[in-house]
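Let chain A serve as the given structure and place chain B on it in line with the hints.
There are 2 protein chains.
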Amino acid sequence: MTAFATAELINTGTELLFGSVINTHLAFLGQQLFSLGVRISRQTTVPDSHSIRDAILEAAGRCPLLLVTGGLGPTTDDVTREIVAELTGRRLEYHEEIFQRIKARFDRRGLQLTPPISRQAHVPEGCEVLPNDYGTAPGIYVPGTEALPHLILLPGPPRELRPMFDQYAVPIIRKLAGKNDLTAKVFRTVGLGESYIQEMVGADLAAIEGLELGYCARLGEVDVRLIGSGESVLRGTELMQSRLSHYIVSDEDRGLEEVVVKLLTKGQVTIATAESCTGGLLANRLTNVPGASAVFLEGNVTYSNAAKIRTLGVTADLLNTVGAVSKEVARAMAEGARDRAGANYALSTTGIAGPDGGTPQKPVGTVFVGLAASDTPTEVEQLLFPMDRLSFKQMVTQAALDLLRRRLLGI
Amino acid sequence: MTAFATAELINTGTELLFGSVINTHLAFLGQQLFSLGVRISRQTTVPDSHSIRDAILEAAGRCPLLLVTGGLGPTTDDVTREIVAELTGRRLEYHEEIFQRIKARFDRRGLQLTPPISRQAHVPEGCEVLPNDYGTAPGIYVPGTEALPHLILLPGPPRELRPMFDQYAVPIIRKLAGKNDLTAKVFRTVGLGESYIQEMVGADLAAIEGLELGYCARLGEVDVRLIGSGESVLRGTELMQSRLSHYIVSDEDRGLEEVVVKLLTKGQVTIATAESCTGGLLANRLTNVPGASAVFLEGNVTYSNAAKIRTLGVTADLLNTVGAVSKEVARAMAEGARDRAGANYALSTTGIAGPDGGTPQKPVGTVFVGLAASDTPTEVEQLLFPMDRLSFKQMVTQAALDLLRRRLLGI
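Going down the list, the protein sequences come from chains A and B. Take the first sequence: its letter number 149 is residue 262 in our numbering, and every next letter is one higher. Take the second sequence: its letter number 311 is residue 424 in our numbering, and every next letter is one higher.
If we strip away everything but chain A, and leave its shape as in the complex, we get (with noise of 0.2 Å):
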């Protein structure tokens, strides 16, 4: 088996063309790819449909590995696998393990076999079955021949698809693909923005040999991508550590409330949290975290002025005089948090997240992030996020969790 270096992606899905649903399946798979040393050079997408077929046979003449996503349900719209077996010219075999892993799933929901389910449990004679733990579909594996290349066959939802993938693809796509020394590392940043970045590390970062170098910026944060040579990453890694230290939330690929639910659970300390305009994505991060709740002890939603006064102590003079949006009302909130629940540390927000309730002083966008510890002074940082709600809702989270990151070390 000769190694290879590129592969092309097909997706298949008419609501993906219609534009009700984004395709996240290139940006997943395009960048497990590259791990393995394999680069995606063309992806299509097409309808559920004989298109499809036209699709698989022009992406033949090009590539010595294809990966199929969608069209593996139970639905008449579900056309891949019977495709696919045309193509190759393999039987559709019937396989009791698969039924009976479908049946099993049905059973611990509860759930009604109907019969469309069971065209799942077919798959093309002589071919590799990729189980799905997360669906009923499961993913096919068709070894390459003289007229066409490997196949990989994978579900369409995006959580079915990537444990599938990692699990049961990736050891074929390693053996098919051959040795490679490229490495990668992925640092995640959070308060700086892509094109400062640049301009603190790019040149350098460029000018060593043999690195490539890439920027992801998404809401409020930017991740910077080296891949090379084991040599050439940590050289690179050196000069990102020295230059964007205390940017730098994790090199390890992981999430802004991962990072602090750890550095917690390490201290041994605990969280409460008090939201105003963040509305519970605050905690709801938090608890997205397995094992959260070690640490994770109560979050208050607070919206109305009642429930701020209620339940976290603010007083009604106080919301009168300076508003609910202000300084003092977001130390207040923290501080109320922090007793109420009896926690090391409490983090507020309280802000106005439009689209209404703007004046000329306090914009839409204005928030205000406060931080209370039990041994020291609250902390308020004020800020202003003029943009849609929900993006505005996901930036104040990030400030507010990055707020504790930096406390919890010190910097």
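Calculated from the structure, these hints are not laboratory results. C-beta atoms are modelled at their ideal positions from N, C-alpha and C, and glycine is treated no differently. Where hints are given, some of them may not hold.
Interface residues of chain A toward chain B, partial, derived using beta-carbon atoms under 10 Å [unchecked claim]:
#1 D161
#2 T189
#3 T249
#4 Y328
#5 A385
#6 G404
#7 E411
#8 G412
#9 A454
#10 G455
Chain B only, in chain A's frame:
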């Protein structure tokens, strides 16, 4: 000019194939084009290289309109302009007006104009310039010929592409596409599996002449999409409503949280939440809806038993005898939140999100969802969602929001 109903989309950008950036162009353009009666029949992503030429030539034989994004910037890997000039046999012409626009933009930001920037002032002769009000690279419309489809070139950054598309590309496409009577309707359903829905309506919908049918399953919800003539969509709509009535959350592409906030607002009633296992996601989803502050009073994320006792009035005795994950505690939490906030309704969640904490009697995924109201007895549903932590949280909030939706509708 003949009317047409399909287009293809080519996205250029090595960063897209590498997975650094999620491609949101297809979702945006797919929706916008559909509203003009044009469907995207295929989308392709290629690197910043000569592959752009191949992709344009391949698409040329298949579609009357081709949109190409990216590769119009100032750097050496931006080659779309040159490739299109070559393919169409047009010379690149310098446009003084474009140059002045770019210069003014730099002057406003106090930036120095660099020589490569002026590349962007070159446009294939005889083409229409689409001004860029949010960046430097203009878009370009190249009228179609016998050999090539109509070409619309747009810059890669979404914040430049989107307004440019709306303002300058839409009028061109509207003229080219002519009139057509295609309409679309998307039904969002909650509470039924994809295969079960197909069994209930699939065959009869498929039997309606001229109606195209599609399904899209997400966590805890399934969209059913009908596309066709006004008459066929109307018949499909009647069928959907008579068969799936209560399970249809929206036929206007609204999320469950949006529908619930709208119902609460319309009924002038209020809501509070008491969350354990969902950790704030329920409050977060409700407060993602603009205007939620009129109906959402307070959210309590009572992760610890101490918080359940202190904030919601759950008794230590109850927690000791039946455990935090129980019907009785779900009831006490909902009633405690309702009474505390003085709300008309309160939702509660208590369960085992995992990965740890399961027992043989209450395995990971077990959850109780409670609904207390000011005028009716409290209702508690026991459910089982044995899946990863984030999916579990999403499914539980779907169940909770749908419980309230059905109550508010009296169904």
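Here is how each hint holds up against the structure:
Hint on D161 (chain A) holds. Least Cβ distance to chain B is approximately 7 Å, under the 10 Å limit. Hint status for T189 (chain A) relative to chain B: holds, with the closest Cβ pair at about 6 Å, below 10 Å. Of the supplied interface hints, the one on T249 (chain A) holds, with its beta-carbon coming within about 8 Å of a beta-carbon of chain B, less than 10 Å. Evaluation of the Y328 (chain A) hint against chain B yields a held restraint, the C-beta minimum of about 7 Å falling below 10 Å.
Nearest Cβ of chain B to the Cβ of A385 (chain A): about 9 Å, under the 10 Å cut. The hint holds. Taking 10 Å as the C-beta cut-off, the interface hint given for G404 (chain A) holds, the closest approach to chain B being about 8 Å. The criterion of a C-beta within 10 Å of any C-beta in chain B is met by E411 (chain A), whose closest approach is roughly 4 Å, and the hint holds. A hinted interface residue such as G412 (chain A) counts as satisfied when its beta carbon comes closer than 10 Å to some beta carbon of chain B; here the least separation is about 3 Å, so the hint holds.
Using the Cβ-Cβ criterion of 10 Å, the hint placing A454 (chain A) at the interface with chain B is satisfied: the shortest such distance is roughly 7 Å. Residue-level restraint check for G455 (chain A) holds (minimum Cβ-Cβ distance to chain B is 8 Å; threshold 10 Å).
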